[in-house]
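Model the full structure from these sequences, guided by the hints.
Take a look at the letters that make up each chain.
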Amino acid sequence: MSKGARGSLLGIEHLDVKEITGLLQLARRMNPLKPHPLLKGKRVLLLFYEPSTRTRSSFEIAAKSMGAMTTLVLSSGSSIEKGESLLDTAYTLRAVGADVMVIRHPSAGAPLLMASHLDVPVINAGDGMHEHPSQALLDAYTILRHKKKLNGLQVAILGDIYHSRVARSAIHLLSKFGAHITLCGPPEFLPELATCLAPGLHITRTAEEAVRGVDVIMVLRVQKERLAGTKIRLQDYIARYQMTLARLKLAKRDAMVMHPGPIIRGLEITWEVADCPQSAIVEEVRNGVPVRMAILAKALGKAK
Amino acid sequence: MTSDKSKTGSLLIKGGNLIDPAAKIDAVMDLLLRDGHVAEVALPNKIRGGVDANFDARGLVVAPGFIDLHVHLREPGQSYKETIATGTAAAAAGGFTSVCCMPNTSPVVDSQEWVAWIQQPQRGAVVNVFPVAAATQASKGAVLTDFRGLQRAGAVAVSDDGKPILNETIMRETLRLAAEINLPVIQHAEDTRLTENCSMNESTTSFRLGLRGMTTAAEATVVDRDVQLAQQFTGARLHVAHLSTADALKAVRRGKRGKARVTCEITPHHFTLTDADIGEYNTYCKMNPPLRSAGDREALLVALADGTVDAIATDHAPHATHEKIIEFEKALFGIIGLETALGLAITRLHREHKIPLARIVELLTAGPARVVDLRGRGTLARGSYADVTIFDPKRRWTYEAAKSRSKSRNTPFDGWQLTGKVVATIVGGKIAHRAG
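Heads up: the protein sequence lines correspond to chains A and B, in order.
Under my numbering, the final residue of the first sequence carries the number 304; numbering is consecutive throughout.
Under my numbering, the final residue of the second sequence carries the number 436; numbering is consecutive throughout.
Check before you lean on any hint, since a few could be wrong.
Claimed, not checked - For lysine-lysine, the following DSSO-like pairs were computed, each having C-alpha atoms within a straight-line distance of at most 27 Å: (1) B:K330 - A:K82; (2) B:K403 - B:K430; (3) B:K259 - A:K224.
No lab work stands behind these hints: they were computed from the structure.
This structure is a prediction, so every number in the text was calculated from the model and none was measured.
Here is the structure:
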């Protein structure tokens with residue numbers, strides 16, 4: 001399969017440090033509060049097969065603040081419900097004049113499939129358990145607003161890593177830049193296989209050990225229904241892995257707490273931690289807009 | 001024997017390297033076919049008398065016709081993927097003179113009527129077709145089919161292929177009743193309770209791609225249980241379909257030391273590829289059982305060489321483009337394989353792994369013939385059926401899926417350079433395929 005049209009963003013794994021740095025630098029020059037018609041006349045198709053609040057709205061606002069038109073197609077209420085295949089939907093949306101497609105899909109690899117059959121760039125807004133590249137980029141962007149560089153940074157990632165596309169993209173990105181990453185969670189959510197994602201990954205089953213002395217703590221959402229499929233009891237998970245103030249104190253004094261959202265307060269994270277001064281959770285969402293402006297500008301060849 | 005087959009005349013195949021493992025022959029010999037049977041096997045230029053036609057086989061291997069224990073011909077009901085006519089044309093092109101077709105069609109082949117229907121001349125088969133019938137009604141794993149009736153109608157084995165028999169009581173009854181009439185039971189070994197929503201082998205590749213992985217235990221535990229069940233009945237015959245893991249091989253080896261008859265087959269794609277070949281979601285590498293690790297493949301290569309494995313079977317599984325060029329997790333399992341089996345066997349097993357040609361021929365002929373008791377096939381002993389495969393073990397060629405005789409194109413081997421090519425396929429004394 002081809003890699004898709006120029007400007008496509010399908011994942012972090014196959015990007016190099018230079019490409020990532022380029023996107024982050026471009027994002028720094030984007031200001032959503034000062035509209036600039038960089039993408040005037042361009043049509044951005046948002047194709048969402050899964051629910052989304054943050055990703056969808058920030059891609060839409062990113063596109064509009066650069067003067068692009070956006071059209072949102074959801075799997076419910078469209079021909080997708082009637083059984084139209086992904087590729088046929090893609091051809092249809094290309095035919096109505098899409099200049100770039102942003103797709104979220106429950107199947108890993110769906111954006112790549114689409115990209116390899118289209119002549120316009122495709123942006124992966126999350127595919128199954130595979131990748132969520134724009135989230136990883138906005139996380140890196142957020143970290144770099146507080147820390148000088150990613151190289152040498154101590155990062156702990158806690159929670160359901162197995163099911164998490166956010167984790168996969170973040171691990172790829174941070175490790176490419178030389179961050180030291182510790183993964184933490186029960187074996188059901190964090191199989192030993194996870195170390196294959198990048199060289200030098202460290203696994204621990206103890207939250208205290210994971211966060212001790214780190215610069216960044218990334219907490220992942222835990223879905224109750226996924227706990228139900230395992231031997232883990234909700235109360236045990238909370239007791240062992242919940243991000244609490246006590247655990248936060250083990251990290252560096254200026255450690256950042258991050259979470260891709262939606263957060264489930266009282267499950268993977270306490271109220272106090274989510275709202276504490278070290279929490280970057282709301283800032284991550286805010287930073288999603290300039291980062292996605294950069295992604296769209298690059299996709300449409302408008303990156304200068 | 002039908003009357004038209006008995007009047008095929010005579011054909012003298014001269015000067016070929018005749019490899020007939022069942023008869024322990026591996027030498028330059030002449031072979032005379034007459035009226036659908038092998039009339040004579042003799043040293044070069046010793047066969048006297050007139051013949052209708054000659055075939056110069058110098059430099060070529062002359063082998064018993066290949067037998068594929070595991071193909072999906074998709075009829076009845078799914079002729080948009082394949083028909084018995086197109087599937088057997090692909091078989092002939094790949095050197096197979098006999099194929100055993102699986103019953104997971106639409107409807108499922110669980111009655112004598114459908115077993116007979118498959119074998120009707122109107123289907124247009126160009127090689128011998130031996131139906132495998134469902135072991136349970138509609139392959140639902142609940143009510144056993146009429147084994148005796150199915151066998152009488154021509155079924156050579158029973159299987160719920162694709163839908164493994166997980167219920168222990170049902171599997172025990174299947175093995176017990178089939179043993180009474182000496183009928184092999186073919187099991188697709190997969191504990192589907194452990195593989196729900198899985199689309200590949202559990203591995204670093206599956207983790208990286210974010211795909212749910214099937215564990216090797218999901219196969220091995222079923223093989224292990226089946227081997228134990230088979231041991232309970234004298235004469236029980238368990239055949240493990242498309243075995244793919246090192247752990248399942250251990251269970252088969254245990255079974256072979258016991259009193260039951262345990263046999264197994266391995267596909268060319270499992271001895272050629274690993275799950276890493278999925279790369280970036282290549283659905284042509286999505287099959288069930290899935291491609292496994294390099295370690296598992298190594299174990300399969302050892303077992304192919306040391307005699308543990310009884311047959312190479314293709315699991316030829318044609319699918320239409322719209323069923324394969326879709327999201328990986330949605331894509332159907334399986335690939336076509338009839339035309340590439342010999343080339344892959346010679347390229348991978350013989351040339352790379354030094355498995356003797358005679359052993360490869362055994363895995364394609366005498367081995368599978370024994371598994372399902374195809375008497376008079378899988379050998380070129382005098383009096384056998386005149387099913388012959390002639391191939392050039394040194395010829396290099398490129399497989400072009402677009403030119404496949406199959407209706408479908410779902411193969412990861414498109415454009416592969418292979419060594420070893422079928423030159424002629426003779427079924428019942430008649431040439432069914434001849435390479436251009």
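Okay, the hints, checked on the actual structure:
1. B:K330 - A:K82: 16 Å, holds
2. B:K403 - B:K430: 23 Å, holds
3. B:K259 - A:K224: With a Cα-Cα distance of about 49 Å, the restraint between K259 of chain B and K224 of chain A is violated, given a limit of 27 Å.
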